[in-house]
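Same order as they appear, the protein sequences are chains X and S.
Read in order, the letters of the first sequence are residues 1 to 429 in our numbering.
Read in order, the letters of the second sequence are residues 1 to 429 in our numbering.
Please note that a few of the clues may not be correct.
As the list makes no split between identical chains, a pair holds if one copy fits it or if it spans any two.
[Claimed, not checked] Straight-line C-alpha distance at most 27 Å; calculated DSS-like pairs for lysine-lysine: (1) Lys332 to Lys247; (2) Lys348 to Lys153; (3) Lys332 to Lys147; (4) Lys147 to Lys233; (5) Lys153 to Lys246; (6) Lys92 to Lys332; (7) Lys25 to Lys247.
None of these hints come from the bench; they were simulated from the model.
Quantities reported herein were computed from a predicted structural model and do not represent experimental measurements.
There are 2 protein chains.
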Amino acid sequence: MVERREPIAVGDAVQRVMEFAFQEKIEFVPLLQAHGRFLAEEVAADDDVPAFNRSPYDGYAIRAIDSQEANSEDPVTFHVVGEIGAGFLFEKEVGFRQAVRIMTGAPIPKGCDAVVMLELTNSFEENNQMYMSIKRSFQAGTNISYKGEDIQKGEILLNKGQYINPGVVALLATFGYDQVPVFRKTIVGVIATGSELLEPSESLQPGKIRNSNAYMIMAQIERAGATVKYFGKFSDNLNQCIEVVKKALQEVDILITTGGVSVGDYDYLPAIYEAIGANVLFNKVAMRPGSVTTVAQRDGQLLFGLSGNPSACYVGFELFARPIIREAQGSKQPHLRKERAVLGSDFKKANPFTRFVRGKAFYQNGQLVALPSGFDKSSAVSSLVEANALIVLPGGSRGYETGMQVDVLLLEDLQGSEWPWNNIVKSYR
Amino acid sequence: MVERREPIAVGDAVQRVMEFAFQEKIEFVPLLQAHGRFLAEEVAADDDVPAFNRSPYDGYAIRAIDSQEANSEDPVTFHVVGEIGAGFLFEKEVGFRQAVRIMTGAPIPKGCDAVVMLELTNSFEENNQMYMSIKRSFQAGTNISYKGEDIQKGEILLNKGQYINPGVVALLATFGYDQVPVFRKTIVGVIATGSELLEPSESLQPGKIRNSNAYMIMAQIERAGATVKYFGKFSDNLNQCIEVVKKALQEVDILITTGGVSVGDYDYLPAIYEAIGANVLFNKVAMRPGSVTTVAQRDGQLLFGLSGNPSACYVGFELFARPIIREAQGSKQPHLRKERAVLGSDFKKANPFTRFVRGKAFYQNGQLVALPSGFDKSSAVSSLVEANALIVLPGGSRGYETGMQVDVLLLEDLQGSEWPWNNIVKSYR
């Protein structure tokens, strides 16, 4: 069966995938495992930060009024009536010309309204009593971190969908989030197709190649932050393939097959989709590489049929699968980060379709430069090694020259972009 | 004991840490777990890629010479003597005006030297035999992916220290790396200090705060790609602290303590370092925040004493601990990525020391812009939430204005920088 396919624009294809909404799934993970996930609930302060007036320095807590007469010629002496470390309370009220030795983070004793830094004091002992003197006066409020100064009780601190970086972890710890509500990781299954494929552990045989695509895709899935399940290789028997797909769909949110989607006699995918009642969203995209990417949906699950060609497979995943995976995990910027860059070398190859050229993007004096990888045959695995960007070269041009402005999509970036295809959907046909 | 400390320049401090060399530690991990690690050995191609001449398309393999007389008025007809899928071999030699139906990835049959794409052929059946005809001639070599075209046997493909991205995973799979030699992850222990600290699971008590620093640091350690071991909180007893440190050092490469390094009566760290025979590399750095960062070494291990102040702790880790952690794991660009940016708002606060201001860096029309976080009190945990960069503001200035050029260090970037302190070590005093 040779199937005829109608190509659609890249932006339209991405949109068809993104219109698919997964059911929101929340789980609680220990705080130590929350880094890199997305918050599934908003977080409000359940108390002020600081929760009490405290000292930001080591020194002496005093009543500011007692210091008013101090000057370099007539120091004022305070009786040191106690000391207080962080985590402890000073129970008595501090009175006239009394001081309390206080450590960073300790609560300000009752009666005190200023802290004098240790370096500005002179301490001494007399008759078994401790004293300290100062040579200047201090205003009330000096060196006090006030209750609620950083965060006030009830304040919304973190929104649903917030990426959990180390700073967020600190806030979650502050407010007692021992367990953190996060979006569940998307579970993505992978099935390889192709009689020619050997596992990496197998020895080479005539006419066969090792299965690099499935392992590459699994690394891409992991980079996107999802959980991988590998179901191995399809058999050559259609009915067995259908059973494997049905079984896999019981365990995953998304199922990716690589290979077997070329227009060829041996392609089982259309038959499999039909057998399981999947609805094809599109099966050809106006782009290179990756034009024979198929996406289908069935009962709240997505099926991606990526090309068996390494570059096409790679690009198909990043453009179409990554955004929906990251959105399902809570990201509000699920697409590859798009930036403007200057083309660092010529790319003269004309093409009627938009090209996504693997390349290296780097900053030169604050300006982003994009350099196409030398060898852009779509079968070239080696050009993927150095690639950290896809350079977007809209079709219909006679080629691109050094110094031209281009869009690049950054592959190793987790910040991502919101919808990046506005205004360019049409031109990317 | 109040200790006097001599501040050293930031670049000097980083250098003292980086001069410390960990013993190289290698481990093998399954290919599926290799993503994000660094290769510990170079990888050479053990075979050509492709390993045999193969077809990049679905079509018919022919002898080009047989097509020379074909034109649109006089098509040439070939006898289809077989078909061959990817992964299979065609055993016979193909002769005069014979063709073999061939699928993408299948080896070119003996005798053939061109592949005609399916779309350019017309196939039909006669007397139970299959035939196909073409209306033009083809050159020898048309549509053949030649053995070794992508990679030649013996070629060094990946260097020691190569970051393992999905493209690298594909290459490793291609060459049968079922198990991958990678640098072992650095093991970093964390001990919190401070009588005021509660675990996130505990209820607030007067004068106490929840331990946010240790959890923040553990997320930073994870972001740096290392393995975390948490040893909880120091007791108030010096001898017990020494025992905990000794025990921890048996299990880790690096030990980080947070808090307790301020100049105060309750600081046990100097006594602990002395008791275990650790040699202090520096204990004060000319910068804000994070000036009271201590680094010590002992028998091939590093000890970091980071401030108890959240921002100082955060910055101290990123500047001093992150690079040595990433270098030990094989990264050749272990430092935070440094870029030039335009300051997006005023920062008028004068300071004699270099400041590392938490902020947000983003691209605007291809230009990097850095915006200081609103609230830069060093105790402010909330300003760490949105920070993805440290803005470097050298000391000695009367303040910085919108539009000025500044260096920024990008926190959420894994590419990193090589040594970023050249030419600026002195000015960063």
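Do the hints match the structure? See the list:
1. For the identical chains of this complex, Lys332 and Lys247 are neighbours neither inside a copy (31 Å) nor across copies (44 Å), given an alpha-carbon limit of 27 Å.
2. Taking the shortest alpha-carbon separations for Lys348 and Lys153, neither the intra-copy value of 60 Å nor the inter-copy value of 30 Å comes in at or below 27 Å.
3. Proximity of Lys332 and Lys147 under a CA criterion of 27 Å is satisfied in neither setting, with 34 Å inside one chain copy and 45 Å between copies.
4. For the homomeric pair Lys147 and Lys233, the shortest alpha-carbon distance between copies (25 Å) is at most 27 Å, but the shortest distance inside one copy (61 Å) is not.
5. Taking the closest pair of Cα atoms, Lys153 and Lys246 never come within 27 Å of each other, the shortest separation being 50 Å inside a single copy and 41 Å across copies.
6. Neither within a single protomer nor between protomers do Lys92 and Lys332 lie at most 27 Å apart by alpha-carbon distance, with minima of 52 Å and 58 Å respectively.
7. For a Cα distance limit of 27 Å, the shortest separation of Lys25 from Lys247 inside one copy, 21 Å, qualifies, whereas the shortest one across copies, 41 Å, does not.
Hint compliance for this structure: hints 1, 2, 3, 5, 6 are not met, and every other hint is.
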